[in-house]
Every structure is written in structure tokens, then in C-alpha cells.
Amino acid sequence: MTDQPTTGSPTGVAELQDMLAGEGYLAGRGLATATFIGLRLGRPLLLEGEVGVGKTELAKCLARLTGRELIRLQCYEGIDTHQALYEWDYARQMLHVRALSERELSDETTVGGLYRSEFLLERPLLQAVRSGGNAVLLIDEIDRADDEFEAFLLELLSDFQVTIPEVGTVVAEQRPLVVLTSNRTRELHDALKRRCLYHWIGYPSLEEELAIVKLRAPDVADRLAAQVVAAVHRLRDMDLAKPPGVAETLDWVDALGVLEAAELDQATAADTLGSVIKDRDDLDSVTGDLSRLVSDG
Amino acid sequence: MAELDDSPVGIVERLVGFGHALRDAGLPVGSDDILAFCAATAELTASDPQDVYWAGRSTLVHRRDHIPLYDEIFRTYLLGHPARAPKPDHPAERPTPQGSTGTLEVPDSEPGDEQSDDQPLVLGLQASGVDLQRTKRFSSCTPEELAALRRIMARTRLNPPRRRTRRRAPDPSGPVIDIRRMAREAMRAVPPAPTLHRLTRRERPRPLVLILDVSGSMADHSRNLLQFAYSMRRAAQKVEVFCFGTRLTRITTVLDRRNPDDAMRLAAERVLDWDGGTRIGESIDAFIRRWGRRGISRGSTVIICSDGLDRGSPGDLADAMERLSRLCHRIVWMNPLVGENAGQAPPTLGMMAAGPFIDVVVSGHDMASLEAFADDLADLGG
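Those protein sequence lines, which keep their order, are chains A and U. The numbers in numbering that gives the first Met the number 0 rise by one with no breaks, and the one at position 30 of the first sequence is 29. The numbers in numbering that gives the first Met the number 0 rise by one with no breaks, and the one at position 9 of the second sequence is 8.
Hints were generated in silico from the structure; no laboratory data involved. Predicted model, so just to flag it, every value in this text is computed and none were measured. For glycine and all other residues, C-beta sits at the position ideal for the given N, C-alpha and C. Do not rely on the hints blindly, as some may be mistaken.
Only some residues are given here: those of chain U computed to face chain A with a beta carbon under 10 Å [unchecked claim]:
1. V15
2. H19
3. A20
4. W53
5. L326
6. R329
Over the 10 Å line for every Cβ pair with chain U, so calculated as not near, a few chain A residues [unchecked claim]:
7. V12
8. D145
9. Q173
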């Protein structure tokens, strides 16, 4: 897809990194490279990683950056084609038939008229195929959907075409940029993985996370930011059931900002711990050890 | 990072060679992956090792577990670094689960060497690793046992574990309104009186996988467990049965006999490592590799019947259990050592390693508890 008409398509990995940073997203070299290849080759991007490391955020940034429309399909257990692809608007079709028959307007084109696009409810996947190169399709938390759904996605991701029996086949002229995310609660089928570029997003390093905090919350004092990031890194080492992600770090900084705290001490940490630790058992084990958490190491 | 060496070999050959080196190292690298890798590198700077590294990592690697191996091959093949001495994959290096007082490394005896089961049992944490080849003969089923088998079969037939499918079927009290059907009826020439049709998600039997420990420490229970497996196989659809001691054997097909005594005899002949040592981690790993990943365990309830006395590495067991837990729906560990205090796992090393990945621990120490378990099975399926 080198002849992409969209403005602002990056020419190199470094440029993409800069552009993402402009949107408030700091991508490492690996993630930026994978994204760049995905953009250039029109391949779907499969992002796996811990909760709250910015998998979904990347798709949103890419949409803003490339000026494309973000189409999001949130997966859940039991999702089916009616919710993912398309459905006929039966109620409207009925009303249409009633209206026609009352005025006795039916002729041989009536039935065909029932399957016009105005009666078609487009769901995210069909929308993405129709928008083609003008869309970023985010298939979020694919690991939550049933594995039958993966098999269905396989077909869509390789051809980007949808066949609607009453209408015909809709083919994407240009492939949309597809981002799949998974929290790895279960293993995805290898066949699906093979069609995607794979990237594992880990937790950022101390310096990287500090840079992210400063970029996303520029008003925060350097000292407070450093304290919070250090505390979060200690939390991640503590063998918790739900280690905090980058999203939690940012939440914590925001929470401290609301309280106008100048620095993170035991009292403020205890008050705001709820924004980073979201599990009762974790909370218990952390509260017992607050002094170690906030100590300036 | 060093510059990639400028060898006379063309860059494409080099990249393809790298793909083959990965494949030789055991990574599943297909030709399409190599094509994508080359195409990706073409978009980047092929002389920059960083670009080549990340291009390869996003196109040739599909699993997080493969990243270390990829890094190693990248270093040796493309950067020309000498191969590192392979790290000994020693159990002592892995973090042992809390509560175990150090890993007790008893050297494996020679195959065929009779090692008394006492010593590891006294240590209480591990079992024997002896790879014995033994077959076993079971006496015929007693009338009481036959009656118990029939009861298990009847219960399981009435109430097999189920899963909901994505398809819907008509159901007068279902949660979803069947607007398609109502539209279809309303469009008839003479529409019937309008009624509200409803739908519900259809249910299908959930696959069941039984993995039975037939090692020495389980000798007292293996007969009951085998009878239980036989009756499950006869009663429910989609049941797979495996046995393991030091190796994994699939006995699903031999259990398909009308006469339980025939089935038990055939199973006894098929399994070659009766009453020997135990390698739970390796056996579960073998199950995942040979059967699980192909689809047998997807969406299934896996029942592992073992006392958790393991001679393999606890790290291996934990790794295998973690992978199994992501592949299947529920993991039930049936442990005869639990006895009457259901829900509380005995502190064997194997149970500690596997603990975080087990959904339910049940007993199953006698025929009565197995019968009770057959009753609860449908609810475990969730």
C-alpha cells in the first residue's frame, strides 16, 4: 500500500515514532517498526501484552495520526456475525412492506427493494471493509471471543471481502489498517497469528515510563512523577495478582493531581492506592508495606 | 549493536538463510513468514541491525515464548557472535514454589532398577522417576462395581457437561426475540396471528478429557479411575482418555467395549508403564503438544487424576499447566490424597506447582466419591 492517498503517512520508523509522540504515544523501536511494516505491507498487527500497556491506545493514535476513521469491534464471549458483520433491519423492512401494500404499489422490484443498503445495519467489520483504506479497524480483546469466531476472522483478514447473499460481495479496494489486541487469557490459534505481525508489549522501563507520564501529564512536578513511577515499578515486582499497567500509573498521577499533592508519602499513597491497585488481596498486601513502597530509593 | 557483516552473499539469501536457521532451531517459520520478513526489511534499512531485528521479530515470531530463541539465533546467525554455552535447564535454577523445602534431586535409577517407593514418599514431596515397563492385570468387576458403573453412566447421560454455542434455536422462554422469524411470518400472504417468538443459545456437549496417573503411588486407585473413565466414555459424547506414568498413552479407543472387563484388559495391555515413576509435567506437556493444541482440549473440561507426587521438575509442571489452562475451559484435579477434606490440596510439590492453574480440586478416592463427582460434573462445566 505504498500509494496511500492519506496525508501524513510516515516514510520511516523514526518519523513514525515522532508522529506518535506528537499524538502523546511513546512507542519503542520494536513497536514502531512493527507498526510501520504493518502500515506499509497492509498486514494486520497483533498486539499482546499485559493489561494497561497501551495496546488499544495505539490504534486510537494511529487513527488520529493518519486521519483515518477508527472502527472498533469489542469482542466478548458469544459474539456472532450479526453483531460483528451485518444484520438486516427487519423492523424497517416490515414497515416498508406494509406501506407499499397499503397503497398497492408492489411490483416485481419490490422484493429487491427490500434489500437496499438503507435496510442493512452495518456492523464494525462490514464498515471497515467498506471504508477500506480510510479506516483503522481495532479488534479489541480477541481472546475474549469464542475460538469459532477466530476462524471466521481468518477469512475476513486474508481477503477483506464480505459476501451478503442478498446483495453480493463487498470487497475492500484498499486494506484497512487492522489492529488486534489480546490480553492472552487464552492462546490464539496459530493460523490467525500467522496472518498478523506479532508484537509483545511489555511494561516500559523506568525512564520510558517517566517520559510517558511527563508527556501525558505535563503539569505534574518532576519529583512527584519520579516518585509515582518508582512506586509503580516496585508494585510490579511485588508478585501481585493484578500488577498495575501504564494506564494505572497515569490514573495515579491524575488522582494525586486532583488532591494537589506535592509528593508521594505514606499518607497520600494510602489515600490514592485505589487508583493503582484494583484487587482486594493485593490491596491488603500492599497496605502492610507502604513505607517500602514510597521510600526514595 | 554491531553492523551486519557485509558478506558477498546477497541480502535476500541472508535473510532467507536466517529464516531457515530459525526453522532449524525449532521455530515454526513458514515460507509466507519469510516472504513477509523480506518484504518488511525492504521497507526498512537492511543494513541497520535494529531494523532487521524488529522486522524479523514481528514477522517471524508469533509467540512470546519464542522471543529468547529468536534473539539467540539472531545473535549467532546475523551478527556472527559465538553461540553462548547452552544454559543448563536445571530445576534447581527455577524458583521453587513456596513451602517446598528445596528441590530434592534423587538421581534417576537405571531403567528396570527397582527403587523402593519409600524414600521419596517419606520426603513427601516427590515421587520416583523410574521408567519401568510393566503391564498390569485387573481382576473382573464385582457386581457392586458394575452397579456403580451403571449409576455413573446413567447420571452422566442425564446431565453431561455442556457448553453454549453461538447458534440460536427457538425457545418459548428464550432471552432474544426472533425477529427474523416474525418478519418471515408477517410477510406471508395470509399472516398468522402475531406471536412473539423467542430464541436461546443452543447447547452442545462439552468435550471432556481425562488424564489418569497410573504410577506406583496411584496403584490403589488406578482400577477405580479406569472404571470411572470407562463409564464416562460410554455415557457422554466427546470423551478422551489418557494414561501417564513416565509416558503418555491414549486409551480412548480401547475403552469402547460393551463389556467393562474387556475394556479394562485392553487398557491394561495398551499402557506400558503401570505402577512405575511419575513425570506429570512432561506427560502434560506431551499431551499439549501431541493432542491438546490440535483441538482436543479447546473448550473442554480437563480432569487430571493424580496425587501430585512428581519426579519431574516442578517448573516444567507449572509451565505445562499454564499452557493447558489457556487451552482448555476448566481444569479439575482429582486427587485421592484429598480424601474427605475436599477443596484442600495436600502439600505435594506437584500440587503446589500446578495449584495456581487448577480451577477445582476434588477427591475421587473411592467409587462413591467418583459417583458424587459425576453428579457435579455438569456444574463444573460452567
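Here is what the structure says about each hint:
no.	hint	verdict
1	V15	violated, 17 Å
2	H19	violated, 17 Å
3	A20	violated, 19 Å
4	W53	holds, 4 Å
5	L326	holds, 6 Å
6	R329	violated, 12 Å
7	V12	violated, 7 Å
8	D145	violated, 6 Å
9	Q173	holds, 17 Å
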